[in-house]
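Undergrad: Protein chains in written order, with our numbering: chain A, 15 to 380; chain B, 15 to 380; chain C, 363 to 773; chain D, 363 to 773.
No lab work stands behind these hints, which were simulated from the structure alone. All of these numbers come straight from a predicted model, not from anything done at the bench. Heads up, a few of these hints could be off.
Taking lysine to any residue pairs in the SDA-like style, the calculated list, with each CA pair at most 20 angstroms apart, reads [to be verified]: (1) D:670 <-> B:97; (2) B:368 <-> D:741; (3) A:379 <-> B:336; (4) C:426 <-> A:357; (5) B:93 <-> D:741; (6) C:532 <-> B:37; (7) B:93 <-> D:430; (8) A:356 <-> C:428; (9) D:670 <-> B:365; (10) A:356 <-> C:670; (11) B:333 <-> A:306; (12) B:333 <-> A:374; (13) D:532 <-> A:108; (14) A:333 <-> B:380; (15) B:356 <-> D:755; (16) D:426 <-> A:21; (17) B:356 <-> D:430; (18) A:368 <-> C:761; (19) B:356 <-> D:741; (20) C:670 <-> A:96; (21) B:333 <-> A:96; (22) A:333 <-> D:755; (23) D:426 <-> B:176; (24) B:333 <-> A:341; (25) D:670 <-> B:103; (26) A:356 <-> C:421; (27) D:532 <-> A:69; (28) D:724 <-> A:20.
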Amino acid sequence: MTTAPSIPTLPIIDSPIHPALTNVSLPSFVDEHELPSREGSRVIQFREALREAMSEEMRRDPRIFLMGEEVAQYNGAYKVSQGMLDEFGPQRIIDSPISENGFAGLGIGAAMYGLRPIIEFMSWSFSLVAADQILNNAPKMLYMSGGQWGCPIVFRGNNGAGGQLGSTHSWCVEALYSNVPGLKIAIPSCPYDAKGLLKTAIRDPDPVFFLESERMLGDKAHVPEEEYYIPFGRAALRREGSDCTIVSFGRPVNFCLEAAAELANEGISVDVLDMRTVRPLDSAAIVRSIQKTGRVVVVDQCWPFASVASEVITQVVEKCFDYLDHQPLRVNTDDVPTPYAKTLEQEYLPHKRKIIEAVRSAVGKA
Amino acid sequence: MTTAPSIPTLPIIDSPIHPALTNVSLPSFVDEHELPSREGSRVIQFREALREAMSEEMRRDPRIFLMGEEVAQYNGAYKVSQGMLDEFGPQRIIDSPISENGFAGLGIGAAMYGLRPIIEFMSWSFSLVAADQILNNAPKMLYMSGGQWGCPIVFRGNNGAGGQLGSTHSWCVEALYSNVPGLKIAIPSCPYDAKGLLKTAIRDPDPVFFLESERMLGDKAHVPEEEYYIPFGRAALRREGSDCTIVSFGRPVNFCLEAAAELANEGISVDVLDMRTVRPLDSAAIVRSIQKTGRVVVVDQCWPFASVASEVITQVVEKCFDYLDHQPLRVNTDDVPTPYAKTLEQEYLPHKRKIIEAVRSAVGKA
Amino acid sequence: MSAATAPTMPKMPSSETLKQAGRVGSSPTPSQLLPDATLIRWLRDMMLIREFELRTMAAYQQAKIGGFCHIYIGQEATVVGTFAAVNHDDPVVTAYRDHGHALARGMTPEACMAEMYGKLHGCAKGKGGSMHMFDRPNHLYGGHGIVGAQTALGAGLAFAARYDWEVLNKAPGAPVLDGSGHPADRPRTPAGKKVCLCYLGDGALNQGCFHESLNLAGLFGLPVIYVVENNGYSMGTSIERGTTMAHNLVLKAAGYGIEGIEIDGLDLLSLYDKFKPYADRCRENQRPGFVDLKTYRYQGHSMSDPQKYRTKEEVQKYQERDSIDRLAAVLMSPKGEPAVGGHLGRGCLSEEQFKDMQREIKEEVRLAVEFAEQSPSPEAAEELYTDVYANPQPGLSSIRDYHHGVRNSLL
Amino acid sequence: MSAATAPTMPKMPSSETLKQAGRVGSSPTPSQLLPDATLIRWLRDMMLIREFELRTMAAYQQAKIGGFCHIYIGQEATVVGTFAAVNHDDPVVTAYRDHGHALARGMTPEACMAEMYGKLHGCAKGKGGSMHMFDRPNHLYGGHGIVGAQTALGAGLAFAARYDWEVLNKAPGAPVLDGSGHPADRPRTPAGKKVCLCYLGDGALNQGCFHESLNLAGLFGLPVIYVVENNGYSMGTSIERGTTMAHNLVLKAAGYGIEGIEIDGLDLLSLYDKFKPYADRCRENQRPGFVDLKTYRYQGHSMSDPQKYRTKEEVQKYQERDSIDRLAAVLMSPKGEPAVGGHLGRGCLSEEQFKDMQREIKEEVRLAVEFAEQSPSPEAAEELYTDVYANPQPGLSSIRDYHHGVRNSLL
Ligand SMILES: Cc1ncc(C[n+]2csc(CCOP(=O)(O)OP(=O)(O)O)c2C)c(N)n1
Ligand SMILES: Cc1ncc(C[n+]2csc(CCOP(=O)(O)OP(=O)(O)O)c2C)c(N)n1
Ligand SMILES: [Mg+2]
Ligand SMILES: [Mg+2]
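Only chain A is shown next, with the shape it has when bound in the complex (with noise of 0.2 angstroms):
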């Protein structure tokens, strides 16, 4: 009881897997170009996608549930979750009262035991009083632990503007979330890739936020059978050009794809990189393509201040200012409480004309 305490020396973590988390078994990972196709005749929704994703997952682990409002017997309220309460039954697909500060943060406390929670919220508009748990918990749960705890969770739900539901319904919450060191985000643009990032984000030991998009569920694309998993941190080239860079993610990078498309018949054309994740954000792939054209426009459809098409130009000038031969242009929602008017809304959003006239000027043919 009395002889002096030893204090042993720590030896540095090696593994590429912190000892916090045992159990977890990341996928393996393959090149873009080794993905299976793109192409093909397995046309789906993207809410179908999402399933798939969900259902292959929980068939492989048991320990993935999936938990919200109108999940399971009302078949999801936007039928995300059709069909997986008759295949997992009610012990793992779980309707919940109205709570979502209660089971998010019960998501993560069962997260912290050592299940794999799928939290889903009805809107990300829903997740303000939720906030506490999914900024002060989640994302913070390792690193207050002293590497103890981590919390394996995946929270997903619609984001940004569904269609005239006014101000309280239409957040985006990335520009507000990713400020915030300790989770990910990840934010799809298209069927083939809901799929393969949110088996990702099942997969991955962090917390991981997943936004989709209420105006998206219903798009088809072909999704193919195999199954394959798609890294975070790295942006996919969705349309190749050479006279600017457009960077986006999510539901707006359909946009750009319009807009690239009208733009090339003035002449112009552009490189259009859908992030796919803001958290990792893979800014080598944004200045590779600047190297070549000298020119971005950030297309993000939050609220512009401190927003991540704040974040990104502010990576571009750190890191590819001397590329560039104009300044760095962004296209944000407009800067008000979303309105519920069809007029106004549509006006609001980082819609097509908008991004078009900012390529315009940034290539100077404005």
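Knowing the structure of chain A, use the given hints to seat chains B, C and D with the ligands on it.
TA: Just chains B, C and D with the ligands now, with coordinates in the frame of chain A:
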């Protein structure tokens, strides 16, 4: 009953005060050089300056009340409201239970009805549980109601690392909250400004988030006897120089001034701009300074990703790209949850050494 | 809907049952003391809401109305009966299922319909939409979209009303509170005791905000009555599946020292008879209240709900107790005779008059739709950057300066 | 503190009073069935916490410890008595007043003190601090700084434990849950029924999160017991000033269908006697519980509290019922004789032995302080960017890449 509906044309509002906001009397503002002197012998603490601001306004306007945890009988967890219960009584200085979402919402409802609430968060770290009320209701009420109801309310409290409080208690909320249109954010760096800005905040008919710092509450400086109001959206030039512009706000302004003093010894002279409010942001002042210096370092006590620093840099490249002789740089806190250990926390902050290094590298003397 | 045709008379209880229930022969209930005209106006209010909602559904199906749209049909008695028990200047706040509240409070069907059309003459100039009906002249502090969020606002409205009465009355030169929509320079007359009505759905019972609000209300003595419009479902979740102690909700209020009551929300007269003295007590004692008001919605949760979680029979069961039919029956039954629900007939409304009223309302709502159709859309140049700040200042946005736009037609 | 000297014997009740109270002569209570050694260990645990806290206060006053620091002295019986009623692998989570929980769960005083010193051998490598004591091998899922936030985590731990028992037991090849800190490849043995203890202060009763958690627990049948460490104050606010129905808190739980109990938290033996069967029932039935555990803190809220909100006399009144003194008295009273609190004396501890124990503990804590002094500070290069992500990836930050740092000494 059966006459065809007549659709009147509506006049455009032309008064400077919105018709929804009767009973508002904005103070009249003077230019910076007309404000009472910053020099003098009436030396008081930062917390006293805050208290004077509240008390003076409460004497003027019986609609103002102060609510928060421990603000009354305990005289404030940090003694900001010391003595106010004695002067104003328990109907206007009100202790609340630990229900931030509830009493923030209570304040918003009371503001709609016509009162002028000051809601104290013991720390802005605890505002996350109230995020829905303060972000979905306060800043959007005027818009959602089509101009019928504004929300004249001040939320105030400690922001940022308070000294080994760990990661749940050390939030800098400006990075998150400044994204949201409809609110204003003031963040003083010294007692003089604290008083003048808080009085303006209380008079303003819009919701104001007022960010103080536990680490500054004991700071002392001269605060003049006579009444004064500091307008929002006007930066103060705290130190003049020619080699580089430093932009900051809140507590780190003081680190910047220390760094500037040391840099002067190296022959590097800098402008130190104290923004005082981040929304509105006095980008005109930043542009003016950069037109002189050609270089800028932004110092911000939030995490870097999508922070106010990102926004400032983005606005800089939007507004004076061609004046830049060097890429804009930023100094934030480290991109990790706030650590408890003193050694780690000190390194974590945007401290003097980091600022000096950034300025050196901006002026090419790294 | 059943009220679209003249109501069939529901079966009468025997006068024996009635006497046992204390309805006949005992001292008159509050509603019995009211003039016929008042009851006829209640009936009209309920019929107006129903007709309005039918038109809303039609317009939604024609894609004239967008977003989420929550229909009030079935719950009309709730709002008409509770409003009748308070004064017009008592503040009211509610959730997103708010068309009934707007109309019953006095918003014109024009302003309400135009709002849903997203038009400039809507109550919020088309910026709020179906879920966010605000009406300052009628003291309606909004429909609110985030489940439970309005419960804290309700506490705040009650706080302010009490503060007005308790503090400002005694403060020399205190201004008239502007929540009323009156000009600032109106001379101050002493404020009286008010009571705030704050409505919420049964699903909102499970939001933390509501509990914090109950505790604040109980602690501070806030005159706010939380009226749970308990229609048995939150979306597809029956109350038993989402809420503990669903059979005894007043117990939840008891935990905050609030004495709650249960009320049958399908019978307007008995609703009023129970609610009126309760509301009076809350006002008089400046204390909070909690009402488990049992009602039912005939339509789906919103316009896109397939309603697989309940049977047609269940809906029908409630429709057979339809509140409009019941009140109409009482008004049309011979005066003094026992009528449906144990009420005494009023004999003050003929079938003719009832049909006239129906026709009138139909026309009124048709005109509202026409008005909404013809009202201009808000223009982005004028309206997008307006009403964001009451005091716009340079530097608030990097995109554009904010400004004041078109005057709200309600103000 | 009173336990620093040998306890004076409190006044004995007459055996008549005791018989009436049913303590003497009736069937043995759970604690009466326990061996002397167990009760001596309980006493030792409480004494260790108290001594540790005295040293913590001293270190704080010397500015060796920073931040907020909440002292547990006075509440020792709470944690020792409730832990004794559950198994070591039942998950536990609490608030920021957590030193007692850490020690009673089995964390070494070294790791606990080093954490407060912000040192690398602290339980969280100095990253968590006083308010955030985590101990995975001892199933302590953290102290948590945000009032009420841990109550949802408690629901989640209970959910997971029940899921383990109910779902994973039946899933072929299901992995061992790693919350236990055991290696992943340990063969799975069937999980049994667990119960989670989730502690909260009386001030946390008013956080919405707690109510959402109670409803979820009641609805889903989660085996979590919410233990309210009701010390009568949240900072300077007495429970009556902040919480409605302060005199009948179990009513709050009743609103969620949870049958709560009140327990006197200053008498460890009767605390255990009441809590043990209650906890067993919650485990067996896989149902939530709620305990209004009345206790008292002798020190201020945190180290910086001037305590003007209560009188010295009030503190003294509680110190006279000190839980350490009381248990020591029972253990030292002649075997079988009525002792303090109506318990039967054990006659198993001499004054000599008691003093030895005191000396031993003093030395143990002194060594812990020495250990903390000597443990290295975490270095920014190795620790600042570590433990942020379990799976660090490029591009997560613009400043620097994250990496894995120094191994936590508890793992
Ligand atoms: C915080 C929050 N979570 C979820 C939703 C989505 N939502 C809208 S209405 C609703 C059901 C509410 O039911 P109830 O409170 O009973 O009201 P009712 O629709 O029956 O009138 C849900 C889940 C929301 N608007 N806000
Ligand atoms: C959400 C939140 N609000 C405020 C605080 C500040 N705070 C810390 S402890 C405390 C008092 C809590 O009292 P109680 O729950 O009774 O616990 P005790 O300190 O008595 O153990 C307060 C207000 C906080 N940590 N979190
Ligand atoms: Mg409902
Ligand atoms: Mg307490």
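Undergrad: It remains to establish, for every hint, whether it holds in the given structure.
TA: Hint check:
1. For the given pair, residue 670 of chain D sits about 14 angstroms from residue 97 of chain B by alpha-carbon distance, which is consistent with the 20 angstroms threshold.
2. A threshold of 20 angstroms between alpha carbons decides the hint, and for residue 368 of chain B with residue 741 of chain D the separation of about 17 angstroms falls inside it, so the pair holds.
3. The suggested pairing of residue 379 of chain A with residue 336 of chain B holds, with an alpha-carbon distance near 18 angstroms, which does not exceed 20 angstroms.
4. Of the supplied pair hints, the one linking residue 426 of chain C and residue 357 of chain A holds, its CA atoms being roughly 13 angstroms apart against a limit of 20 angstroms.
5. In summary, the hint linking residue 93 of chain B to residue 741 of chain D is not supported, as the alpha carbons are separated by about 35 angstroms, beyond the 20 angstroms threshold.
6. Restraint check: the Cα-Cα separation between residue 532 of chain C and residue 37 of chain B comes to about 18 angstroms, which is no more than 20 angstroms; the hinted pair holds.
7. Our distance criterion of 20 angstroms between C-alpha atoms is met by residue 93 of chain B and residue 430 of chain D, whose separation comes to about 16 angstroms.
8. This hinted pair checks out: residue 356 of chain A and residue 428 of chain C have alpha carbons roughly 8 angstroms apart, not beyond 20 angstroms.
9. Proposed proximity of residue 670 of chain D and residue 365 of chain B is contradicted: the alpha carbons are some 37 angstroms apart, above 20 angstroms.
10. Proposed proximity of residue 356 of chain A and residue 670 of chain C is contradicted: the alpha carbons are some 31 angstroms apart, above 20 angstroms.
11. A threshold of 20 angstroms between alpha carbons decides the hint, and for residue 333 of chain B with residue 306 of chain A the separation of about 24 angstroms lies outside it, so the pair is violated.
12. Annotation: proposed proximity of residue 333 of chain B to residue 374 of chain A holds, straight-line Cα distance about 18 angstroms (limit 20 angstroms).
13. For the hint linking residue 532 of chain D to residue 108 of chain A, the alpha-carbon distance of about 18 angstroms falls within 20 angstroms, and the restraint holds.
14. At most 20 angstroms may separate the alpha-carbon atoms for a hinted pair to count; residue 333 of chain A and residue 380 of chain B meet this at roughly 17 angstroms.
15. Proximity of residue 356 of chain B to residue 755 of chain D is assessed by CA-CA distance (about 27 angstroms); at most 20 angstroms being required, the pair is judged violated.
16. Taking the CA atoms of residue 426 of chain D and residue 21 of chain A, the gap is about 18 angstroms. The hint holds against a cut of 20 angstroms.
17. Pair hint residue 356 of chain B plus residue 430 of chain D holds up; C-alpha atoms about 13 angstroms apart against a cutoff of 20 angstroms.
18. Between residue 368 of chain A and residue 761 of chain C, the direct Cα distance comes to roughly 12 angstroms. Compliance with the 20 angstroms bound is thereby established for this hinted pair.
19. A hinted pair counts as satisfied when its Cα atoms are at most 20 angstroms apart, and residue 356 of chain B with residue 741 of chain D qualifies at roughly 10 angstroms.
20. For the hint pairing residue 670 of chain C with residue 96 of chain A, the CA-to-CA distance comes to about 13 angstroms; that is within 20 angstroms, so the pair holds.
21. Under the criterion of a C-alpha separation no larger than 20 angstroms, the hint pairing residue 333 of chain B with residue 96 of chain A is inconsistent with the structure, at around 50 angstroms.
22. At roughly 18 angstroms between alpha-carbon atoms, residue 333 of chain A and residue 755 of chain D fall within 20 angstroms of each other, so this suggested pair holds.
23. Between residue 426 of chain D and residue 176 of chain B, the direct Cα distance comes to roughly 17 angstroms. Compliance with the 20 angstroms bound is thereby established for this hinted pair.
24. Simply put, residue 333 of chain B and residue 341 of chain A have alpha-carbon atoms about 9 angstroms apart, close enough for the 20 angstroms limit, and the pair holds.
25. Between the alpha carbons of residue 670 of chain D and residue 103 of chain B the distance comes to roughly 18 angstroms, so the proposed pair stays at or under 20 angstroms and holds.
26. Between residue 356 of chain A and residue 421 of chain C the CA atoms are separated by roughly 15 angstroms; this keeps the pair inside 20 angstroms, and the hint holds.
27. The straight-line distance between the Cα atoms of residue 532 of chain D and residue 69 of chain A is roughly 19 angstroms, inside the 20 angstroms bound, and the hint therefore holds.
28. Our distance criterion of 20 angstroms between C-alpha atoms is met by residue 724 of chain D and residue 20 of chain A, whose separation comes to about 18 angstroms.
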